[in-house]
Amino acid sequence: MNEQQGGGPGNPRAIVVGHGEFAGGLVSAVGQICGMADKLVVLSMMGMTPEDIESTIRDELDRTGARVIFTDLPAGSATIAARRIVKEDPGIVLVSGVNLATLLDFVFSTAASPTEAARAAAERGKASLIVVGR
Amino acid sequence: MAIHLYRIDDRLIHGQVVVGWGQPLNARFMVLVDDLVASSDWEKELYRMAVPPEMEIFFADVGTAVRDHARYASDPRPGMLITGDIASMYRLVRGVKAIGSVNLGGIHHRAGRTQKLRYVFLTPDEERQLRELEAAGVEVTAQDVPSARARPLSEVLEGESP
Chain A
1 MNEQQGGGPG NPRAIVVGHG EFAGGLVSAV GQICGMADKL VVLSMMGMTP EDIESTIRDE
61 LDRTGARVIF TDLPAGSATI AARRIVKEDP GIVLVSGVNL ATLLDFVFST AASPTEAARA
121 AAERGKASLI VVGR
Chain B
135 MAIHLYRIDD RLIHGQVVVG WGQPLNARFM VLVDDLVASS DWEKELYRMA VPPEMEIFFA
195 DVGTAVRDHA RYASDPRPGM LITGDIASMY RLVRGVKAIG SVNLGGIHHR AGRTQKLRYV
255 FLTPDEERQL RELEAAGVEV TAQDVPSARA RPLSEVLEGE SP
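First to last, the sequence lines map onto chains A and B. In terms of the working numbering, the first sequence has 87 at position 87, counting the first letter as 1, and numbering is strictly consecutive. In terms of the working numbering, the second sequence has 251 at position 117, counting the first letter as 1, and numbering is strictly consecutive.
In isolation and in its complexed conformation, chain A is listed as follows (with noise of 0.2 Å):
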């Protein structure tokens, strides 16, 4: 793990955020999991404008060094914000439409960088999406 581009030891690596309470409880099930919910930082943005998501989003990149963003819907007001940081800082990696089998994955891929690991988790949550029956 490379640790210069956060996540190191207790350090969180990746902020997930998305409508009413989707981020939470995702985040949550990870725990229940895993017991790695630390790994990541859970974002509400109900009643925000969109600047303040930014800012909110800004912020806890910068006070964690998480270079990670997790969105729930490519429409959705937070993925609109993630992708105005992520053209100002092409360093940081935003995966819209996560899932759990999404956040597994990525909190265990503890020996790729954070980036990496979010870029393999996403072909995860993907491949995760099942439908069974006629």
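A couple of the hints might just be wrong.
No more than 20 Å apart at the CA atoms, straight line, and that leaves these computed lysine to aspartate or glutamate pairs for EDC-like [stated by the list, open to error]:
(1) B:LYS231 - B:GLU273
(2) B:LYS178 - A:GLU88
(3) A:LYS87 - A:ASP38
(4) B:LYS178 - B:ASP219
(5) B:LYS231 - B:ASP209
(6) B:LYS178 - A:GLU54
(7) A:LYS87 - B:GLU177
(8) B:LYS231 - B:GLU190
(9) A:LYS87 - B:ASP175
(10) A:LYS87 - A:ASP105
(11) A:LYS126 - A:GLU116
(12) B:LYS178 - A:GLU51
(13) B:LYS231 - B:GLU268
(14) A:LYS87 - A:GLU60
(15) B:LYS178 - B:ASP202
(16) B:LYS178 - B:ASP195
(17) A:LYS87 - B:GLU179
(18) B:LYS178 - B:GLU190
It should be emphasised that the hints constitute simulated quantities derived from the structure, not laboratory data.
Once you've looked at the hints, dock chain B against the given chain A.
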């Protein structure tokens, strides 16, 4: 009229708009009216990528939207029109004179604004503009999602009951 929702929302395109309203209205196009967005290719691309592939998006500054409103309104597909602030919608409605209702969807806290609802904060000048629209015959209601009750402007201006 093909435009089923005229919405003021400072987040412009986001989940409540694209999914919350777009799906039940079966919206197939969106008109985003914002002077700043319309003047920036990067901003337009940002919002274009946020809408689903089945939804076409048009960008316009207020002046262009006034000029082209009849074309949007005669589009046979269901559509939505959104502005990011009250002033833009006020100018649009005044210029078009054919818009019968305006939805307050998300106007969040900023300096000088007073909270009216969980998702509606207004300055005195914004209140005045909304009152003027209503006095001109435009139905102004607040409703963040389709399943919520549409609150008339008089109720909005009274503020949230405890």
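These are the hints, each one checked on the structure:
no. : hint                : verdict
1   : B:LYS231 - B:GLU273 : 13 Å, holds
2   : B:LYS178 - A:GLU88  : 17 Å, holds
3   : A:LYS87 - A:ASP38   : 27 Å, violated
4   : B:LYS178 - B:ASP219 : 17 Å, holds
5   : B:LYS231 - B:ASP209 : 18 Å, holds
6   : B:LYS178 - A:GLU54  : 18 Å, holds
7   : A:LYS87 - B:GLU177  : 11 Å, holds
8   : B:LYS231 - B:GLU190 : 25 Å, violated
9   : A:LYS87 - B:ASP175  : 14 Å, holds
10  : A:LYS87 - A:ASP105  : 26 Å, violated
11  : A:LYS126 - A:GLU116 : 16 Å, holds
12  : B:LYS178 - A:GLU51  : 17 Å, holds
13  : B:LYS231 - B:GLU268 : 12 Å, holds
14  : A:LYS87 - A:GLU60   : 17 Å, holds
15  : B:LYS178 - B:ASP202 : 18 Å, holds
16  : B:LYS178 - B:ASP195 : 12 Å, holds
17  : A:LYS87 - B:GLU179  : 12 Å, holds
18  : B:LYS178 - B:GLU190 : 12 Å, holds
Figure legend: structure checked against the earlier numbered hints; hints not met, in rising order: 3, 8 and 10.
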